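Take a look at the letters that make up each chain.
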Amino acid sequence: SQTIHQWPATLVQPVGSPLSLECTVEGTSNPNLYWYRQAAGRGLQLLFYSVGIGQISSEVPQNLSASRPQDRQFILSSKKLLLSDSGFYLCAGTLEGELFFGEGSRLTVL
Amino acid sequence: AQKVTQAQTEISVVEKEDVTLDCVYETRDTTYYLFWYKQPPSGELVFLIRRNSFDEQNEISGRYSWNFQKSTSSFNFTITASQVVDSAVYFCALSEAGNQGGKLIFGQGTELSVKP
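Protein chains in written order, with the numbering used here: chain A, -16 to 93; chain B, 1352 to 1467.
For the record, the hints were derived by calculation from the structure and aren't laboratory data.
Treat the hints loosely; a few may be bogus.
Straight-line alpha carbon distances no greater than 20 Å define the calculated DMTMM-like cross-link-like pairs of lysine to aspartate or glutamate that follow [what the hints assert, rightly or not]:
#	chain 1	residue 1	chain 2	residue 2
1	B	1454	A	54
2	B	1354	B	1373
3	B	1389	A	81
4	B	1466	B	1361
5	B	1354	B	1380
6	B	1454	A	81
7	B	1454	A	86
8	B	1466	B	1437
9	B	1354	B	1377
10	A	63	A	5
11	B	1466	A	5
12	B	1389	A	86
13	B	1389	B	1368
14	B	1421	B	1410
15	B	1389	B	1369
16	B	1367	B	1447
17	B	1389	B	1410
18	B	1389	B	1462
19	B	1389	B	1373
20	B	1454	A	42
21	B	1421	B	1462
22	B	1421	B	1407
23	B	1421	B	1406
24	B	1354	A	86
This one's a predicted model, so the numbers in the text were calculated from it and none came from an experiment.
Can you make the complete structure from the sequences, with help from the hints?
What follows is the structure in structure tokens.
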């Protein structure tokens, strides 16, 4: 079965520092991958999605970027974090029309 | 534009009560998918159901049931004989067909608290 792993699970970073959140997928090949953010208000917002290696689509303008260096690896990055980047980040992948989520990474920017 | 509204921000029930979580959606697409996810305190989103716009049959899975009504653009979720383990935030979501299935529009969620 497909599983999605994210790390780190928790991260506290100062404003202006860089960020790298990693997501890897097991149990499937050539998945579509997604990064969602859940802010304090609980709603989830799609940030990026990728249909293949090196293919990234951005859904909202923001301070973050994404990369897909390998088929089953999806990375969320920032060169300089803002306070507003705090939130719960979820990586997800589709399998047979269903969207499966990783465990999430909680980012606090101070 | 697509939109999902979960008007109930928080619901509190006592164990064994039935509870219905409301979900109303807006879309101009004729083909679309509706989802429900559960988010327990651990944070991970757990997939519960996917329903396509051409299938209005109600579905039952154990204590869970879903009522899809295109006429009112609603996709409500009922938990029968609720249990403490059902306590979580529940999200309703919508996606249009052909977007590889992962571009979802989520509602704001309903936090369900089941007390013993």
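Agreement of residue 1466 of chain B and residue 1437 of chain B with the hint, judged by alpha carbon distance not exceeding 20 Å = OK: residue 1466 of chain B and residue 1437 of chain B at ~10 Å, within 20 Å.
For the pair supplied as a hint, residue 1389 of chain B and residue 1369 of chain B, is the alpha-carbon distance within the 20 Å limit?
-> Measuring from Cα to Cα gives roughly 17 Å; hence the hint holds.
Verify the proposed pairing of residue 1354 of chain B with residue 1373 of chain B, using a straight-line Cα cut of 20 Å.
-> Holds, because 14 Å separates the two Cα atoms, which is no more than 20 Å.
Holds or violated: residue 1354 of chain B with residue 1380 of chain B, Cα cutoff 20 Å?
-> Cα-Cα ~12 Å, so holds.
Does residue 1361 of chain B lie within 20 Å of residue 1466 of chain B when you go C-alpha to C-alpha?
-> holds, 13 Å
Are the Cα positions of residue 1466 of chain B and residue 5 of chain A separated by 20 Å at most?
-> violated, 37 Å
Starting from residue 1454 of chain B, check that the Cα of residue 86 of chain A is at most 20 Å away, please.
-> With a Cα-Cα distance of about 18 Å, the restraint between residue 1454 of chain B and residue 86 of chain A holds, given a limit of 20 Å.
Taken at face value, is the distance from the CA of residue 54 of chain A to the CA of residue 1454 of chain B at most 20 Å?
-> holds, 19 Å
Take the C-alpha atoms of residue 1454 of chain B and residue 42 of chain A, compute the straight-line distance between them, and say whether it is at most 20 Å.
-> holds, 9 Å
Straight-line Cα separation of residue 1354 of chain B and residue 86 of chain A no greater than 20 Å?
-> The given pair, whose Cα atoms are some 26 Å apart, is violated under the 20 Å limit.
Decide if the proposed pair is consistent with the structure: residue 1421 of chain B and residue 1407 of chain B, CA atoms, cutoff 20 Å inclusive.
-> holds, 7 Å
Is the hinted pair residue 1389 of chain B and residue 1462 of chain B satisfied, with a Cα-Cα distance of at most 20 Å?
-> holds, 10 Å
The structure fails to meet hints 11, 16, 21, 24 from the earlier list, while all remaining hints are met.
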